Structures are given as C-alpha cells and as structure tokens.
Amino acid sequence: MVNKPNTKLRIHLENEHLIMYGSSTESSGCVLRGALSLKLKKSTSFKSLNLCFIGKVSVSWNQGIHTFDFELVLPGDLPESTFVDKYYNVEYQLTAMAEKCAFSRNYIARRDVHLSRQRPNMDYFDPITVTNQWQDKLSCQVSLPTKVYTYGDTIPLQITLVPLTTEDIQLRYVSCTFKEYLTCRAVNGWFNGKNKSQGRLVEYTRKDRPDRRQMVINMKVPPSVTDIQCDAHNESVRVRHQLKLILSFEHSPGDVCELTVVLPIVIAITDSMGVLPSYEDVWQTLPYHPFLMLTPSTASIIPPSYHSMVV
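Residue numbers (the UniProt record's numbering): 1 to 311.
One thing to keep in mind: the hints can contain errors.
[Unchecked claim] Just the calculated beta-carbon pair ranges, DEER-fashion: (1) K42 <-> N62: 52 to 62 Å; (2) T154 <-> N188: 20 to 30 Å; (3) N234 <-> K179: 36 to 46 Å; (4) T154 <-> T95: 29 to 39 Å; (5) N234 <-> T205: 25 to 35 Å; (6) S45 <-> R200: 52 to 62 Å; (7) H17 <-> K47: 47 to 57 Å; (8) L32 <-> V59: 21 to 31 Å; (9) P127 <-> V59: 36 to 46 Å.
Hint data in this document are derived by calculation from the structure and do not stem from the laboratory. All figures in this text were calculated on a predicted structure; none of them were measured in a lab. C-beta atoms are modelled at their ideal positions from N, C-alpha and C, and glycine is treated no differently.
Kindly generate the complete structure, drawing on both the sequences and the hints.
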C-alpha cells in the first residue's frame, strides 16, 4: 500500500524489492532496511509504537483429502490427565483450524488427548496374594494374577477359605467393593493448606451363601477414561485404587463376624491397548506410517508380543 502524502505515520524503505540468492535451504536471507517516521504537530501520548512484518499466503485446494503429518514432543514433566470434582482438573486437547476468507465459516477440529504415566516397576506385574485370619479359626487367602489392570479388564479374585477348627462356621456372604480414591495436595497454598480427598465407588458385588471353600469373584474395570482414572502420584494429586473384600460368617447362632481383606491395585494404560511404547521399546513396534493413522481398520493393529513371536 502506498502511503498518502499527508499521513502522519509513514514507512520509508531503502528498497521495496528484495532478492534472496540460492534455494530455501541454501540462502542466508536478506535485509529489509528503512525508517519509520511519525509527524506530530503537538505533544501526543501513545500507548505503543509497533512495526510488524507480515506475510500472507492464499492457497486454493482441489477437491479431495489433503493430509499434513505432524509430530509434537511433550516434555516429561507434564502432569497426568486428572479430574477431581471441584478441586483439580488437567486435560489436554489438540485443536486444528482451517481459516477461510471473510464472512465464511472456518473449519475447526478438536481431539481430546489423555496423558498418563506408567512407572517402570516390574513388581506390579507379579502375582499377589494376601492372607488374613480370624481368631485362629478361619483363614482367607485372596490371589490376583497381577496388580496392574487396564480399561475393560476383568479382575479375577481367587478366594480360598481354610477352616482352622472343627467348629461349624457358616459363611453368610462374600462382598467386594472396588473404589477409587483421589487426594489433592495442599501445595502452593491451595485449599487453605489442607488436602482435599474424595472417594468414588467403581463397582460392588456380593455372593450370598456361597457353598464352596474356593471361589472366584470377577470385578470389571470400566472401559472408558471418563468412568475411571489411571493411577497418578505427583506433587499436586494422587489417584489410587483398592479392592476391599468382606466375608461375613456366623460362628454360632446369632454370632455374626466379619473378615476383611484389602488389595491395592493399579489402573494404567498399557501397551496392550495400542499405546505407543517408550523410546527404548520402539524397536518392538511397526514403523510409523500416516496411512495407518487415516485407516481405522489398520490403525488398531497391534504387533504381536515378544513371547508370541518366539517359538
């Protein structure tokens, strides 16, 4: 745009036609020189004085699908996706916008991204067994094949009852409570210096009058991240999960007692769900190709495990 002669603010250029030598990868660029003049007839106050170099590219695309690959490296100190009602919320989202001309509606796309943290503790994947005993008369052993479970998994609790006396003990019922516990830490002066805690029931089941000394109770992990959260433990929040087993039995007519067994478990997104592995484990996966991201039938393909490949 050519400045009008009577304009108070003017841009003067040494040369308005610049030349860059070499290709885009070879050129060292060029220099745009000039002066900005402001003509005032009296003293005037300004909030700021700016000079910006703006470039615009207008492109018209043909009909069809146009794909642009992207890759974003996230820093390792980002907090996990977490929601604690009324107190704490961490969520991530990708937003894309195709900006159109004036008076035309822009195209906008959004995708939620869930970020969790998987700690390299191999003990989590070992079987666990917890035993409790009531007055040297009854022993209860509860076993789990692993401590770590993911969305949609079934948690099989193997229960074994061992009478330690010849007295008649009648089992009234066995119940299991699956709960999620969330704690917001009082860091940075939050919550007036007091931690805020919440508990939420995930699932409850009960078996009345079981007639066996050995039984299996299956607890279901919800399939969605909106129904249950991954375990988290950072400076701001802690999320943990627990199974609480209660055995109610009758030792003598009218004498009802309870035996409690508590099992902490870990909810995590594992590689079995198709989540990308760590850098050290990347050799175990298929090479990245944008086609896999665009084709639903192939995007869910999971490479075989190491054990299934070894004969």
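If you check each hint against the structure, which ones fail?
Failing hints, ascending: 2, 3, 7, 9.
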